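A.B. asks: Each chain, written out:
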Amino acid sequence: MPLEILKPGLLSTIQDLGRYGYQKDGIIVSGAMDVVAHRIANILVGSPEDAATIEATLIGPTLRFTTPALIAITGGNLSPEINGEAMGMWRPVYAAAGSILSFQKPVTGCRTYVAVAGGFAIPEVLKSQSTYLRAGLGGYQGRALQTGDLIPLNEPADTIPEELKLQQNHTSFTQTTWALAPQLYYTSEEQPTIRAVHGPEYDLFSETSKTDIWEKEFQVTMQSDRMGYRLSGATLALSEPAELISSAVTFGTIQVPAEGNPIILMADHQTTGGYPRIAQVITADLPKLAQVQPGKIIRFQEVTLEQAQQLYIQQELNIQKIKWAVHNKTHHTS
Amino acid sequence: MKQKDMRFLQFYPLGDSAIVLQFGAIISPEIHHKVRAFANYLQKHPFPGLVEFVPAFTTVTVYYNPWLVSEKGNVDPYEKVLGIMKSMLIKTKENTETYKADTIKIPVCYGGSFGPDLEFVAAYTKLTPEKVIYYHSKVTYLVYMIGFAPGFPYLGGMNKKIAAPRKETPRSVIPAGSVGIAGNQTGIYSIETPGGWQLIGRTPISVFNPQQENPSLLRAGDTIRFIPITEQEYNLRKEQQHAS
Numbered sequence: 001m002p003l004e005i006l007k008p009g010l011l012s013t014i015q016d017l018g019r020y021g022y023q024k025d026g027i028i029v030s031g032a033m034d035v036v037a038h039r040i041a042n043i044l045v046g047s048p049e050d051a052a053t054i055e056a057t058l059i060g061p062t063l064r065f066t067t068p069a070l071i072a073i074t075g076g077n078l079s080p081e082i083n084g085e086a087m088g089m090w091r092p093v094y095a096a097a098g099s100i101l102s103f104q105k106p107v108t109g110c111r112t113y114v115a116v117a118g119g120f121a122i123p124e125v126l127k128s129q130s131t132y133l134r135a136g137l138g139g140y141q142g143r144a145l146q147t148g149d150l151i152p153l154n155e156p157a158d159t160i161p162e163e164l165k166l167q168q169n170h171t172s173f174t175q176t177t178w179a180l181a182p183q184l185y186y187t188s189e190e191q192p193t194i195r196a197v198h199g200p201e202y203d204l205f206s207e208t209s210k211t212d213i214w215e216k217e218f219q220v221t222m223q224s225d226r227m228g229y230r231l232s233g234a235t236l237a238l239s240e241p242a243e244l245i246s247s248a249v250t251f252g253t254i255q256v257p258a259e260g261n262p263i264i265l266m267a268d269h270q271t272t273g274g275y276p277r278i279a280q281v282i283t284a285d286l287p288k289l290a291q292v293q294p295g296k297i298i299r300f301q302e303v304t305l306e307q308a309q310q311l312y313i314q315q316e317l318n319i320q321k322i323k324w325a326v327h328n329k330t331h332h333t334s
Numbered sequence: 001m002k003q004k005d006m007r008f009l010q011f012y013p014l015g016d017s018a019i020v021l022q023f024g025a026i027i028s029p030e031i032h033h034k035v036r037a038f039a040n041y042l043q044k045h046p047f048p049g050l051v052e053f054v055p056a057f058t059t060v061t062v063y064y065n066p067w068l069v070s071e072k073g074n075v076d077p078y079e080k081v082l083g084i085m086k087s088m089l090i091k092t093k094e095n096t097e098t099y100k101a102d103t104i105k106i107p108v109c110y111g112g113s114f115g116p117d118l119e120f121v122a123a124y125t126k127l128t129p130e131k132v133i134y135y136h137s138k139v140t141y142l143v144y145m146i147g148f149a150p151g152f153p154y155l156g157g158m159n160k161k162i163a164a165p166r167k168e169t170p171r172s173v174i175p176a177g178s179v180g181i182a183g184n185q186t187g188i189y190s191i192e193t194p195g196g197w198q199l200i201g202r203t204p205i206s207v208f209n210p211q212q213e214n215p216s217l218l219r220a221g222d223t224i225r226f227i228p229i230t231e232q233e234y235n236l237r238k239e240q241q242h243a244s
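In the order they appear, the protein sequences are chains A and Z. In terms of the working numbering, the first sequence is residues 1 to 334. In terms of the working numbering, the second sequence is residues 1 to 244.
Think of the hints as simulated: they come from the structure by calculation, not from any bench. Wrong hints could be hidden among the right ones.
Pulled a few chain Z residues facing chain A out of the computed Cβ check, cut under 10 angstroms [unchecked claim]:
#, residue
1, A25
2, P55
3, F57
4, T58
5, P66
6, K72
7, F148
8, Y154
9, I191
10, R219
11, A220
12, E233
Only a predicted model underlies this, so the values are computations on that prediction, with no experimental measurement involved. The beta carbon of each residue, even a glycine, is placed where N, CA and C say it ideally should be.
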């Protein structure tokens, strides 16, 4: 039974954790920009963390559930509503057949994730359901969602929390009385500080550039998307010209083209590049970066590789904690 | 020579989830052979926590999951993967088996509507179009890297006599299969995309097939040769493809 798209929003795509194993073939990873919000949305509806969700950007879509559905919305707060009534984020929500999910103004953040229990019954392309826009593959027909799309859903396993089961006859929606505590997830800040380690070509940059990257403010310009964030602020330069040989790049690589404005590579980045890489955003801060709206100001903070990996591990431990907490909440009636 | 290469051999991190092994600082078939040997070894001997790897001109970048590698936070992930890669490098060197693949033949219909810039390249290089085709199809090319677009090969070995600059204004649409020249490089557009290369021909075969288990026809380390074909042959190959 499908999910009907009534309005597509600004850019709504189907994404999972990404298409790994094919970068050596020039195939980009894609996948959710805010991987943590994506994983939590799936955890809340009892799906595997790598199941696909809908990633909506700034202006959310309007969609109709043709059958009852257990859903969860996480990530940036784009003011989700069901049948015109505000619904809670970061918790399981049970939407009745015929109910309409829509979004109002973006309050905080940039990208929101809609997980539906059971997931989308769409084919995997190269072992992933992620939409690869430029090559037109994966996701729903290889493109962003459009008005009139009918996205088929899998028959979900019974993961409906006990407290919602008691109210299944509700005509609009019901939601759990609990939600994840805000300290368990990232809440967007006005001017976020993004932590980064040195990039492979850090030492080739001028002394001024090596100071500016950590001390100056950078604006995420309007020319920013799932491929990369183009920054403006201090212009950065090498201490002397260098011919670089193209090599692999990754999500969070901060590269600097000749004109000096840095670009942060995001989820849809190309697999290889030849620009000098001044820094690399730590994996634990990529979700934070994914939630920065174009036009906003960010700063970078230097950390060591060891700190970055400790933060990575802490983030995983935090997700384990969330998993355990949600499992306990949904499997026991209080 | 060996001495010089060793000086450039180095490992360095690319953020908290990847390590780069660099074999040298110049583009050469010898250095790329080492890239290929290491990538082959890694392909056959994946370690727990390995996500994937990307061979390029002089490097192999190894992506790993620090959480899985760290055994849930008990081991330093960078040091552990570095250790694994170092011991793999030694085993790669012990392995004297050389990689020999057949040269992949890429049929190309040169000129006409498939190669609208062949005349320009000929005029620029002061050669006849026939000579441009001759030089382009005479040599064997080494695939150094797949990048820029899915299945797009970076090829080494083009004769400098047919080098030509990029177009000043890139085309907004270049059909898949187009064969082009930009500077000292030649390549095959794997998907329909905008681009600024001088187009000299088109191949009827698909170098990118997302429905196949190996989606890219070419891999780093392969060698290829362009075979000139007529428009009739081109159309025939296209029809055969549609039929199968």
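A.B. asks: Run every hint past the structure and note whether it holds.
C.D. replies: How the hints compare with the structure:
no.	hint	verdict
1	A25	7 angstroms, holds
2	P55	6 angstroms, holds
3	F57	5 angstroms, holds
4	T58	6 angstroms, holds
5	P66	5 angstroms, holds
6	K72	8 angstroms, holds
7	F148	6 angstroms, holds
8	Y154	7 angstroms, holds
9	I191	6 angstroms, holds
10	R219	7 angstroms, holds
11	A220	7 angstroms, holds
12	E233	28 angstroms, violated
Figure legend: structure checked against the earlier numbered hints; the only hint not met is number 12.
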